[in-house]
Amino acid sequence: MSTATLEKTELKLGFVPLLDSAPLVIAREKGFFQREGLNVVLSREPTWASIRDKVSFGLLDGAQMLSPMPLASTLGLGSQITPMVTGLALSTNGNAITLSSQLYQALSPKLRSRSSAAEVGSALKQWISEQPIKPNFATVFPYSCQHYQLRYWLTACGIDPDNDVTLLAVPPTKMVSTMQQGLIDGYCAGEPWNSIAEAEGVGKIALTGYQVWSDSIEKVFAVTQRWALAHPNTHLAVLRALLAACEWLSHEENLAEADRLIALPPYLDRSVCPMLQARSTPLMQSFYGDEVNAPALSHANLMLEQMERWGQWRGGDHAEIARSVYDMDLYQTVQHTMPACA
Amino acid sequence: MNHSRSLDVLIIDDEPKRAEALFEALNALGHKVVCHLPGPTGLCTQVSALSPDIVIIDMDSPNRDTLESMAAMSRTAPRPIVFFAEKESDRDSISAAINAGVSAYIADGLQIDRVKVIMDTAIAQFDAYQDLRSELEKTRIQLSERKIIEKAKGMLIKHQGCDEDQAYKTLRKLAMDRSQKLVDVARNVIDILEQVTTQDTGQR
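Read top to bottom, the protein sequences are chains A and B.
My numbering applies: residue 199 is where the first sequence begins, and numbers increase by one.
My numbering applies: residue -12 is where the second sequence begins, and numbers increase by one.
Check the hints yourself; a few may be wrong.
Unchecked claim - To give an idea of the interface, some chain A residues facing chain B are shown, with a C-beta separation under 7 Å as derived from the structure:
id	residue
1	Val239
2	Arg242
3	Phe255
4	Ser277
5	Gln278
6	Val338
7	Phe339
8	Pro340
9	Pro359
10	Asn361
11	Asp362
12	Thr364
13	Ala367
Keep in mind that the hints were calculated from the coordinates and are not lab data.
A virtual CB, placed ideally from N, CA and C, is assigned to each residue, including glycine.
If we strip away everything but chain B, and leave its shape as in the complex, we get (with noise of 0.2 Å):
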């Protein structure tokens, strides 16, 4: 028998790292914690199996719309955590949680505040591995590589007057829509964006 503040977590991140550093905070603080990263239909399969206390997903998954349809066919699925902000300071913790890249998907009947400290924990997760991101990649991708990320995130900025955040965040959603390395979705971004340069000198 499960204590009663022990809950189900489904992790469903494509960044290893995080949702390696997640899992053990969660299981540290005694929740039965799954991770995956599933395909769309089986992740159906998989939040039907597990029926999890609440799923913890990145803000910018392409998965998230297949977990509101869930919420909206079925009466057990978990529904998204936006659905529960009933008093302005759930509005504030949620709003919090948007801005780590957070979201979260919760089962009916579930109390907030008894999810408060696993969004919490995650957001905690989510805002450190923002920092150690930079540092990951110096480890993780070789330098050559990393020029290239640098070089397709400079013309981005460039071509959509953003900034490098909103530049970076581009390439990973690219790169999450095509199932691409970020590196060989940076590659592409330059090859069309020196086309349209040459293209329009004296046009834009």
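Bound conformation, chain A alone (with noise of 0.2 Å):
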């Protein structure tokens, strides 16, 4: 353990109840937090604007963020302009394309066990040119790897997402239900919200976002940039306990454990878990290794075109902006102040 002074101890961290909130679940459930000193309250949050507001105007001290977020608030996409700094990412890949059961099976005939992006987009342009009316997509957050992925997707595929679907926006607790009531078609969202359709027979996973983008980079942990002036120390800590957790998930035999302490209220809670056996699904989620925790520059330029290309962002100087946001700096630091493993 570091033996500099910590600016606070008592900390507020929010998350989404989602598969890949798992690192701050393990950093707590397994002590990576009190380790470092730290006495953390995880705070269940419904919504990716409540992890926004709740951390710019100081109510949680930092949160899981989908990984475009700090960016959008830094530049005041959809918020006052809030500077936030992000250091570690704690996930890759994780998300998938969700289609309803009934589009899929209306697609089966083209389709193979394992279909690629351009198959399944092939035949959806084909039954989308044959309805009468656009088909429902949703996702649910417009500054996140899913609504650019699915917007990418449709895009490369010939379908105009603007026109050719209508895009909604629906919470991840209510997606599924949403489906089944079928008022949407199709979704990308990430896990456990993919496999449950499947197990609940709503709907049947046709792609998965490492498809439509291979390793990118899916949550990070995130704080504003004058909460990390003020608590360099603490930062840190924190950053320590999230990667040690994010290690502890890589070993093969830990997954047992961390499905029973995910399932955890108020993690995901106990209707979700008999769906943690789904991780057989090829999305390939990962949480640990340099290529998935650095917040690596390139995602953060990539994330910014994506603003630029769907409209959101009336463009500027992109260099700037990631390297003010995702600080590989702080990264390098975090990884050289671990404690060495036992």
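Combine the two chains into a complex, taking the hints into account.
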């Protein structure tokens, strides 16, 4: 443990109930926060908007965020300008595009058991052209990899996301029930909400996010730049605890225990517990490794390009913004000050 | 024709008593108010159809990201009020709203001063409801159910290391996410946490 004095030891961190909130849950339940001298309360947040506002206005010290979110807040997209920073990515991949069972069945004569992104797309394009009304597709949040992946894939397949389909937003916890009511035909969301749709026979995973963008940073841990300046040692301690949790999650023999801990209330809670066995879906979700945890500038740039491409941002100095939000120096300091492995 | 001071307000709240109180308070100020407790797709349709000047919604409502997306995708949809915090004093009043659990979405072009009275009214109603909540629970919920909720809160406080308010909010969020009654969520939480305590004896 580092000897630097912690500026704050009682922390409240936000998470959204998704499989990739695992690093925060594990850091708390396995005592990695405690080892750093931190007493952390994890606050379950129902929406990304809630995470953004509570971090911006100091009700939360920091939170798990969608990887484009700290960039969007820094740019003031959809919120007031609040400069944010991330020194650690928490996961890569883990998203999927799920189609309703009826739609999947309609496309199935043209699909193989693991069709490519292009094959699913061309089947969908033809189906759309035969429909009297536009199908509805949903994502969770406008500044998310899911949103960009869905748009990117549709466009690449010759489907105009703004004109050929209706894009809606539905909270992750309501995604499966909304599909069951027949209100949406497809969505792009994080786990476990795709596996749940499959398990309940409501939908079918047609494509993984990995097939659209391989090894893309999905969630990051972020704080405001103001908070980071005021709490440099506490910040490092939090990131070390989270990185230790990511490392722990990379061991196959820990996964059964991880499933049990993530299923506790108020994390993912029992309603989704049986689905965690669905890890066999080829979503390629990872929590640990340099290529996972480094807040890579290349990813920040990709996100900025997407914001510009889809008209969310007027554009500007990509490199400078990426550097100020995705802090590689901080990540390296975290790595160098990690306690030696036992 | 509307008076210049009258605004169209949409209230989205799953606490009927609170929504009703706010409805009346805003009506008394001369605004045209609509309350709704919709599902996510119904919400899109309703916001487009009503085009309210301001939407007042519980900070912890799962429907907020739907409004965020509408704001990002359409120029005419109401925008999150945090977007308009230009001055430090705006930030302070928004901070007060967030603390009270109020969030708002307002139509572009609407001056923030005009919204301020509505926000202040909502904050007052949310605060008052906070105090009223335990009173209401006493009359509305049977003693046996209240005991279950108290027990679940106690177990969450112990396991999560949080305070009572946070434990209550956690139960409420679980209830909203699962569309279940508070007492059913509480029962489930007790079941799971009791199992953990038996399994982990000596470990935790």
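Hint check, Val338/A versus chain B [nearest Cβ-Cβ separation less than 7 Å]: holds (6 Å)
Agreement of hint Thr364/A with chain B interface, Cβ distance less than 7 Å: violated (9 Å)
Satisfaction of the Phe255/A interface hint, Cβ to chain B closer than 7 Å: holds (5 Å)
Restraint satisfaction for Pro359/A [CB to CB of chain B, less than 7 Å]: Pro359/A check fails; min Cβ-Cβ to chain B is 10 Å, beyond 7 Å.
Status of the Gln278/A interface restraint (C-beta, 7 Å, chain B): holds (4 Å)
Satisfaction of the Pro340/A interface hint, Cβ to chain B closer than 7 Å: With Cβ-Cβ at 3 Å, under 7 Å, it holds.
Chain B contact restraint for Arg242/A - C-beta distance below 7 Å: holds (5 Å)
Residue hint Asp362/A, partner chain B, criterion CB-CB below 7 Å: violated (15 Å)
Hint check, Asn361/A versus chain B [nearest Cβ-Cβ separation less than 7 Å]: violated (13 Å)
Interface hint outcome for Phe339/A [beta carbon to chain B under 7 Å]: Constraint on Phe339/A satisfied, holds at 5 Å.
Restraint satisfaction for Ala367/A [CB to CB of chain B, less than 7 Å]: holds (3 Å)
Closest C-beta approach of Val239/A to chain B relative to 7 Å, hint status: holds (5 Å)
When each numbered hint is compared with the structure, violations occur for hints 9, 10, 11, 12.
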